[in-house]
Amino acid sequence: MTSAAARSFVQGFFNKVKENAALRNLLLFLSILGPGIITGSVDNDAGGITTYSVAGALYGYNLLWTLIPSFVALAVVQEMNARMGIVTGKGLADLIRENFGVRITFFIFVGLVVADIGNTATEFAGVAGSMMIFGVSKYVSVPLAAVAVWILVVKGDYKIAERIFLVFSLCLFSYVLSALLAKPDWGEVGKSLVHPTMHFDSDYLSMTLGIIGTTIAPWMQFYMQSAVIEKRIKINEYRYVLWDVILGCVATVVVAFFIIVACASTLHKNGVVIKEAADAAMSLKPFAGDFASELFAFGLFVASVFSATILPLATAFYVCEAFGFEAGINKKIHEAPQFYALFTFIMAVSAGIILLPHAPLISITIWTQVVNAMLLPVVLVSMILMVNNPKIMGEHVNNRVQNMVGWATTGILIMLTAMLVVQPLAAAVLKVFR
Amino acid sequence: MSAYTDNFTHLSYIIGIPLIDSATGRRAGRVTDMVAGLREMYPRISGAMIARSGQGRRRFYLPWKNVKSLELRRALVAEGLDEAFHQEPRLGENEILLKETFWDKQIVDIQGSKVVRVNDLHLLREDQNLWVVHMDVGIPGLLRRLGCFGLSDWLFQLVFSCEMKETFISWKFVQPITPTIGRDVLALKVHHSKLSELHPADLAEIFIDLGNDERLLILQSLDDATAARAFQEMPLPVRVQMAEHVADERLAGIVNGMAMDEVVDLVAQLPKRKKAALLRLLPPDKVVQITGLLELSRRVAGSIMNTEFISVRRDATATEVLDKIKAEARRQESIYHTYVLDEQDDLVGVVTLRQLLTVPGDAPVAGFMRKRVVRVTVDTNVRDVADIFLKYNFTVVPVVDKHNRVQGAITMKDAFAAVFRQVRSEAEAAK
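These protein sequences, in sequence, are chains A and B.
Heads up: the first sequence begins at 22 in this note's numbering, then just goes up one per residue.
Heads up: the second sequence begins at 13 in this note's numbering, then just goes up one per residue.
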């Protein structure tokens, strides 16, 4: 009897859905939801959290305004990826290989693999740092995390894992709580958002670039497009994808906002200088209490593990896609040997780097940023050229507004990243000559 | 020149080499692509596309008969250049550009029934004549394209003391799928008939691996029956995605060849305009069935029943029934059960083929029919239908409306398939 009741309830629900357009739209949206949100969450990885905390600790609320241009740039770039994925049904790696040949593709992918090893290493550093707050040694936490992620991907069911991560990405909102516990001065926060203050000393500039640069990384474009294809989204569902993209970008920026606020209202006010995200969690303790500190560390841990899973996986996937090897987590090891070999290689190397007694974390971060900065212009320019090619996109090429925003974003990003690369190099050169 | 090892070469050793005018001995341009004719069993090189020095992006056609000698990775020496370059470059009906069609593009490997990406082309050489014999899809091909095969091979041999393994696919098993050259042109030139040899399930896998344009291109070349079989094997989202891009008439042709329940699944997910266009083009009796079934939820018996079944009146004799079965057997899904109806079309009994064959020919069915007929109603849940098949030992169950009039019949296979689909989609939704 109960099953009959349940059945009639389900039946009634379906009928209601059929009749109610708003409800139907909501369901459709939920079924498509994911690519944007996940990309946005992975974006707030250990590297991102580090940049935001250091920015908050160093400059207080001063740099909050950078989040607004970051948001616009992020949304514009990801929208183009989503549109390309829907219209062509092909991954970005596929498209670049087919339209620009094997050499550019090779250059991009050597860069992506190198940058990804660096990125994944910072993720494991995040794991090590955050678990240290809970008193776990890095020689325990890093190998355990690496093995757990490996088993999850190779032996486990990734689809389920992805759902878990999606729920976990809600944990990133623990930063909201952290920030509230730190009792920020909201008037001050509002003022610095509306009236951006610009300084032209090199440290301030490089911090600004750092925030925007960490928000838009080359791998994201590839990930976003593949995720959209995987969802089998049709062009008439485009507006739902657009909302997914915007929601993902909002999530990224909101989390970044609260990290900056949390660090600004405690560390900056008290003049504490930090170098990495784990320092921030540690230094929060005296000002905002144990709980805020642990929340911050927990958020960092989740973000690190999440990104340490997605990054190597995604990189292995694009490389295989571009060079025609079998790839995909639903394949067995003997069906896609190159894919699993590459995944394992990236995991092993990046976890290994962190386990070195004196891991050169700062230079890894800088060099990863340099490689990313070299890749970004190539990827973005290829993207804009393809998204404007009617042979590829048909009627869905960029319109004039999209192109203006797209080229402007690309141009500014290229300029910023170029400055980001040149600056530390110039500083290093100057040091030598002094 | 004719040493055995020189009999094979690679396209990457020819693309980009300079063209030398044999009259002057001077450089006249650069090879940008090769043209091959598809008339023979293996495509034969019939010309080269040339970028001339100082002529910008314009390309010129050099017929292969003008070629005097080909030195791999060095130069192509040819005569009569002025005359050849005077003509507009135009491909013949059976000619394709090799680099543009294959380099970095996907092809279907018919033998392995999967989609692979081409790194290079492997050519057979006899004096000046060249034929395409293999697609190179291996790592050595990739390295050759990057121009570092020699070094890598040397290192590899040093480390592993064996040669790098080449991966070739014979032209016989190659199905090109490049749409970039202009869709109609290529579709006409390269027959896709090889694809119809594949099992529909493999074909469906290949469709899943391709981009949208490639899917449509391949679909264009398949006949309706093959396309319909492949369609049925695809996951529903992919099926819907493709259906939305196919022209209405063509879609109607494909849908006409699909099983009714699969059609209903598809039609239910199509956007309104496409659905209306499709229903306009399908035969009227199918449209009635589809719209009828669409009304029903996917979870009730009516949505999976077959609307064709054999029925007779109570006073029909065994011989008459057998004749009717013979006459209708061709279009019936199941002929084992015949339903007996009274004057109000109410279901009153069932006779089996076995009974009809064992009773005297003049016996009226009312005398030997089984009167207790297990039946389901149009709105019975498919899970309950499947339960009935598990409980009783028969293969078809009649479906009646609320006035006890027979509307159709469900086979055991359809019932289990529907439940399986439901269970699977629930399992997927749970993920």
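Bear in mind the hints are in silico, worked out from the structure with no lab data behind them.
Misleading hints may appear alongside valid ones.
What the hints assert, rightly or not - According to the in silico footprint, chain A covers these stretches of chain B (three or more CB under 8 Å from chain A): (1) 146-159; (2) 246-254; (3) 348-360.
Idealized CB from N, CA, C, for every residue including glycine.
Numbers of the earlier hints that this structure fails to satisfy, in rising order: Hint 3 contradicted; others consistent.
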